Amino acid sequence: MIPELGQFSLILALCLCVILGTLPLIGASRNNLLWMNLARPVTAGVFVFLAISIAILAYAFVQDDFSVQFVQQHSNLLLPTRYKVTAVWGGHEGSFLLWTFMLSGWMLAVSIYSKSMPIDFVARVLGVLGIICFAYILFMLATSNPFDRVVPLSPADGADLNSALQDIGFIIHPPTLYMGYVGFSVVFAFAMAALLSGRLDAAWARWCRPWANTAWAVLTLGIALGSWWAYYELGWGGWWAWDPVENPPLITWLFGTAMIHSLAATEKRGVFKSWTVLLAILAFAGSLLGTFITRSGLLTSVHAFASDPTRGVFILLIFGLAIGFALLLFALRAPLMKSDFGFSLLSREIFLLANNVILVVASASVLLGTLFPMVYQAITDELISIGPPYFNAIFAPLMVLLILLLGVGPICRWKKTSAQYLVMQLGRVALSSVALGVLLPLVVLLKFSVSATIASILASWICLAMLTDLVNKSANKITRLQGLKSLSLSYFGMQIAHFGVAVMLIGAAMTSNFSSEKSVLLASGESIDLGEYVFLFDGMTSVEGPNYIGDEAHIQVLRDGEFVRNLNPQRRLYVASGSPSTEMAIDAGFFRDLFITLGEAKEGGAWSMTIYIKPFIRWVWLGAIFMALGGLTAAGDKRYRRLRRRQEELLAEDLKANLQPAL
Amino acid sequence: MKVHRQKRLGIILFIAAGLSISIALAAYALRQNISLFYTPTQVAEGEVPTGQHFRIGGMVKAGSFQSAQDSLRVEFVTTDYVSDVPIHYEGILPDLFREGQGLVAEGAMDAAGVFQASRVLAKHDENYMSQEVRAALDAAEASEMNSSPLAEQ
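Line order of the protein sequences matches chains A and B.
Anchor point for the first sequence: position 520 equals 520 in the working numbering, and the numbering is continuous, going up by one each time.
Anchor point for the second sequence: position 120 equals 120 in the working numbering, and the numbering is continuous, going up by one each time.
Bear in mind the hints are in silico, worked out from the structure with no lab data behind them.
Treat the numbers as computed from the prediction; the structure is a model and nothing was measured.
Heads up, a few of these hints could be off.
[What the hints assert, rightly or not] Covered, in the sense of this in silico footprint (three residues per stretch, anywhere, with C-beta under 8 Å from a C-beta of chain A), are these stretches of chain B: (1) 8–15; (2) 18–25; (3) 31–38; (4) 41–51; (5) 83–96.
By construction, the Cβ of each residue, glycine as well, lies at the ideal position given by its N, Cα and C atoms.
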């Protein structure tokens with residue numbers, strides 16, 4: 001009975017979405033205040049019913065209600081409770097419910113934190129989001145209902161959650177990634193509302209920016225969490241594989257990054273208006289593409305859900321309708337929005353434009369590499385695959401170019417900058433970053449590699465240019481501290497995020513150049529040298545968990561004859577599903593990770609294992625954390641709230657003036 | 001207005017130049033990095049030249065798995081139930097590698113007709129099979145159907 005309530009609640013949410021997707025939009029175009037005012041309460045209703053629905057699904061998991069097919073497929077009596085709850089997103093149906101629930105959460109947030117925007121605009125934004133939400137719920141009810149029952153007899157036990165998913169990474173990565181992904185729907189809705197109302201001005205950009213920055217920051221975190229999880233759970237010693245399901249979030253992220261930069265120019269200078277809107281549409285298209293790729297059964301990978309062609313067709317339909325309609329609206333309305341071209345060929349606008357071109361090209365080439373095998377197969381019926389070398393070959397030079405410009409952009413002035421000024425500001429920076437970049441890896445690591453040197457030059461370039469800018473911008477007050485205090489939060493946000501780029505760059509370059517690994521066969525008592533470390537194998541013991549049995553290796557790590565720590569990788573067998581799983585042992589450090597994966601037992605008690613030393617790998621994720629932090633800092637800028645308040649007063653007067661004749 | 005147009009033209013040219021350079025770069029990189037997929041039957045029929053890097057997919061033949069006791073070397077046979085191809089690999093196999101299950105391996109054929117794998121992927125779980133493996137089995141089945149009436153004549 002209870003699962004049926006979940007489904008019922010889902011249907012109610014669908015009905016509310018029908019209202020939300022029609023009345024407020026019509027109200028906004030006809031200036032009907034009553035209909036526009038429906039948007040907020042109806043949004044709250046959608047959120048409540050989706051929350052009930054997902055809570056009931058979680059309840060079915062905790063209660064081991066195996067009569068629900070989704071629970072039966074993804075849980076088990078022995079599964080620890082934390083995984084029972086999170087198994088809600090362990091498969092296609094439940095994860096889509098989470099996805100939709102996240103959307104309703106963003107909608108609720110928009111309805112709460114939009115008090116200062118004019119009601120017709122809020123009604124349009126929520127109306128567009130209501131239509132998207134309607135499509136998602138309809139998709140769920142039609143093709144992938146998480147509350148379907150197993151009839152007529154309910155099984156005694158479930159099939160268990162995929163063993164690779166029973167991990168802390170699974171608890172945090174999908175919700176964060178989804179939240180970031182879905183956040184771009186909000187930006188899309190803002191863009192659509194702007195096109196519908198024909199209002200695409202600096203005020204619009206100011207309303208939109210905190211949402212765009214927040215969604216971008218959360219997506220950054222979500223992708224980084226996925227990378228971190230894949231690194232320690234899948235045990236292949238890398239942090240990015242250019243896997244076809246990793247790529248869509250990256251494509252969305254690259255479009256999103258381009259969008260937040262272009263949005264900055266739109267807010268400050270009123271330029272690139274239609275381009276910003278187009279990027280918002282593209283980022284949203286990227287998120288739908290990700291859904292399509294993982295849920296249509298087009299691919300097979302850790303992320304892909306079991307295939308069902310009708311789902312693929314349905315998602316493709318949503319994709320086609322949403323993007324088709326958006327682009328149509330864009331084509332009709334964009335020419336009306338005139339952008340200024342009042343800037344010279346050497347100005348911050350130009351650098352932001354270059355940033356956009358590079359990011360969009362990077363995104364398009366990742367898209368090409370991801371879709372090419374699928375298209376090729378559809379045409380020639382031959383299977384091909386495109387490996388990491390393609391992506392690296394394209395991505396690395398583009399990023400080098402992007403970072404070179406990143407150093408100049410923030411120092412440049414809006415509208416017009418003289419070349420002399422730039423040379424004066426950056427000449428010394430360029431020289432010293434070359435010197436620093438060449439020396440640092442040599443001194444710190446006593447190793448040389450061309451690409452690592454390029455990376456450290458570029459990282460120094462970012463940091464030194466940033467310092468120069470900070471010094472310049474804080475110089476106009478009596479003391480430095482006062483000068484720094486006068487700078488806006490969004491400025492600091494930008495600098496923090498750019499610093500994150502430098503940190504990530506160092507991490508990526510050092511791990512890919514200076515990592516070492518060795519696959520060996522060790523008997524108890526034997527040891528192996530790798531780098532400056534000695535790994536001594538002390539033998540095996542048996543371990544038993546709540547739902548698995550396994551072997552644990554004991555390995556002592558020594559450096560210069562001194563004990564560093566023990567590492568205990570495991571090999572587990574999950575009893576319910578009979579699937580084996582390897583648990584890596586990792587000694588995480590600021591400058592290097594030691595990483596051991598266990599293979600199999602051979603005769604005489606020897607075990608095969610692979611040992612990795614990964615220098616600076618933590619910096620990759622640390623960089624992502626800085627970027628996300630930068631995005632959130634910028635979103636928290638007082639300016640948006642203050643201007644909103646002023647706007648609110650103006651609009652209140654406006655509204656009064658408008659309403660009077662109607663009354 | 002004229003200056004305006006010039007500026008706009010400049011920006012459009014700038015974007016066009018960026019795009020064409022990157023398309024050229026992408027096309028070049030793409031051509032260098034496509035790896036083709038072959039089925040065991042295609043390999044047995046000699047469709048793949050020795051030394052070419054490619055992917056092979058099929059099932060791990062039951063009873064074919066052998067593992068050296070003093071090194072990480074493993075040997076097994078992949079099959080699409082029509083033809084078999086022996087595979088040698090040095091390293092640790094993925095968690096899901098099992099006899100009777102699907103697999104995809106990357107590598108090249110050596111002169112002795114053995115596939116020397118540089119990477120082994122067991123891309124499947126209990127519920128579904130990798131697209132590559134399914135394609136290999138379907139192709140094998142289709143060729144069986146075509147060839148068996150001939151054999152009877």
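Do the hints match the structure? See the list:
no. : hint  : verdict
1   : 8–15  : holds (count 5)
2   : 18–25 : holds (count 4)
3   : 31–38 : holds (count 6)
4   : 41–51 : violated (count 0)
5   : 83–96 : holds (count 6)
Going through the hint list in order, the structure does not satisfy hint 4, though it satisfies all others.
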